[in-house]
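K.L.:
What follows is each chain in one-letter form.
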Amino acid sequence: MEPGDNLDLALAAAQANAEWGWNGLYRNLAPSVTGYLRAQGAAEPEDLAADVFLQAVRAVKRFEGHGAAFRSWIFCIAHNKLIDDSRYRRRRPVEPVAEPAEESATPVGVEEQVLNHLSEDRVKDLLNRLTVDQRDVLLLRIIGGLTVDEVARTLGKNSPAVKALQRRGLACLKREMSSVSVSV
Amino acid sequence: MDISTISDEACERLFSGRLTEADGILADIGWFLEDVRSVYCESISAATRAMHPAAVAAPIVQPALWPPEQHRSCRPLRSWWYPPAERSSSDDLAAGS
Numbered sequence: 001m002e003p004g005d006n007l008d009l010a011l012a013a014a015q016a017n018a019e020w021g022w023n024g025l026y027r028n029l030a031p032s033v034t035g036y037l038r039a040q041g042a043a044e045p046e047d048l049a050a051d052v053f054l055q056a057v058r059a060v061k062r063f064e065g066h067g068a069a070f071r072s073w074i075f076c077i078a079h080n081k082l083i084d085d086s087r088y089r090r091r092r093p094v095e096p097v098a099e100p101a102e103e104s105a106t107p108v109g110v111e112e113q114v115l116n117h118l119s120e121d122r123v124k125d126l127l128n129r130l131t132v133d134q135r136d137v138l139l140l141r142i143i144g145g146l147t148v149d150e151v152a153r154t155l156g157k158n159s160p161a162v163k164a165l166q167r168r169g170l171a172c173l174k175r176e177m178s179s180v181s182v183s184v
Numbered sequence: 001m002d003i004s005t006i007s008d009e010a011c012e013r014l015f016s017g018r019l020t021e022a023d024g025i026l027a028d029i030g031w032f033l034e035d036v037r038s039v040y041c042e043s044i045s046a047a048t049r050a051m052h053p054a055a056v057a058a059p060i061v062q063p064a065l066w067p068p069e070q071h072r073s074c075r076p077l078r079s080w081w082y083p084p085a086e087r088s089s090s091d092d093l094a095a096g097s
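Protein chains in written order, with the working numbering: chain A, 1 to 184; chain B, 1 to 97.
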């Protein structure tokens, strides 16, 4: 395990302008930040994630707290960037451009590709059955790994409201999953 | 048991991946949460990997694929990474000095 794998150490190093600190923070958090933005339907999740880390770089010296609080802070930035990006795109719709197909580092068989695609479709379909607030809460908990209190601070709600949204979101998922299994 | 009455403790066990036998009603949701993580947490594209600081020593790649009119946030891969105080030294690095 490298020092950069420890979020507390990586944060302290990043605040001291050590490159390995930023390496550690990025390695730790970029996958889940990008995944959260992608799950929320961001048009360009990697670009948006880069904007999130750019803002974090600019503001990190003013940040006070340990690694877990930094994680919460990063997701707060990501959530706000998502809202800003949605508003921007509603005002300035652009034609989506097909990106070149990526070459996978390891060859994936056709059967596995089909199974992966079905799994992704199923996940997207179930998440789309949630309300916006329920999806925000559940994705911040599932992908961001945030606690109820951290989700509440990110979304500007109180903890009881977040728990209620969480419970209703889980009930909705359960209902939808049960109805799919009955119809099969 | 109606899932809408599930306890806060059971919810926490669900999100931390520590469901017990008593939480049987949540088992399929637990699998779904794993599916969500599997779909979204590991799908980091080559473009994102290219923005990792370890890649900043490499020359700026493929500008032809990032025309400004198609990518609002198009920028050289290198410049955003370093904190403002270090940007001049990274520019020197870019110039090959």
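Don't read these hints as lab results, they were simulated from the structure.
Here a beta-carbon is modelled for each residue, glycine too, at the ideal position from N, C-alpha and C.
Mixed in with the good hints there might be a few duds.
Derived DEER-like restraints, expressed as beta-carbon distance ranges [unchecked claim]:
| # | chain 1 | residue 1 | chain 2 | residue 2 | range |
| --- | --- | --- | --- | --- | --- |
| 1 | B | 21 | A | 124 | 15 to 23 Å |
| 2 | B | 18 | A | 128 | 25 to 33 Å |
| 3 | B | 27 | A | 91 | 16 to 24 Å |
| 4 | B | 8 | A | 17 | 25 to 33 Å |
| 5 | B | 18 | A | 91 | 18 to 26 Å |
| 6 | B | 38 | A | 5 | 36 to 44 Å |
| 7 | B | 16 | A | 65 | 20 to 28 Å |
| 8 | B | 22 | A | 86 | 38 to 46 Å |
| 9 | B | 16 | A | 132 | 37 to 45 Å |
| 10 | A | 58 | B | 31 | 15 to 23 Å |
| 11 | B | 25 | A | 164 | 30 to 38 Å |
| 12 | A | 27 | B | 28 | 26 to 34 Å |
| 13 | A | 88 | B | 24 | 40 to 48 Å |
Chain B regions said to be covered by chain A (calculated; three or more residues, Cβ under 8 Å) [stated by the list, open to error]:
| # | region |
| --- | --- |
| 14 | 7 to 17 |
| 15 | 20 to 32 |
K.L.:
Looking at the structure, which of the earlier hints fail to hold?
P.N.:
1, 3, 4, 5, 6, 9, 10, 11
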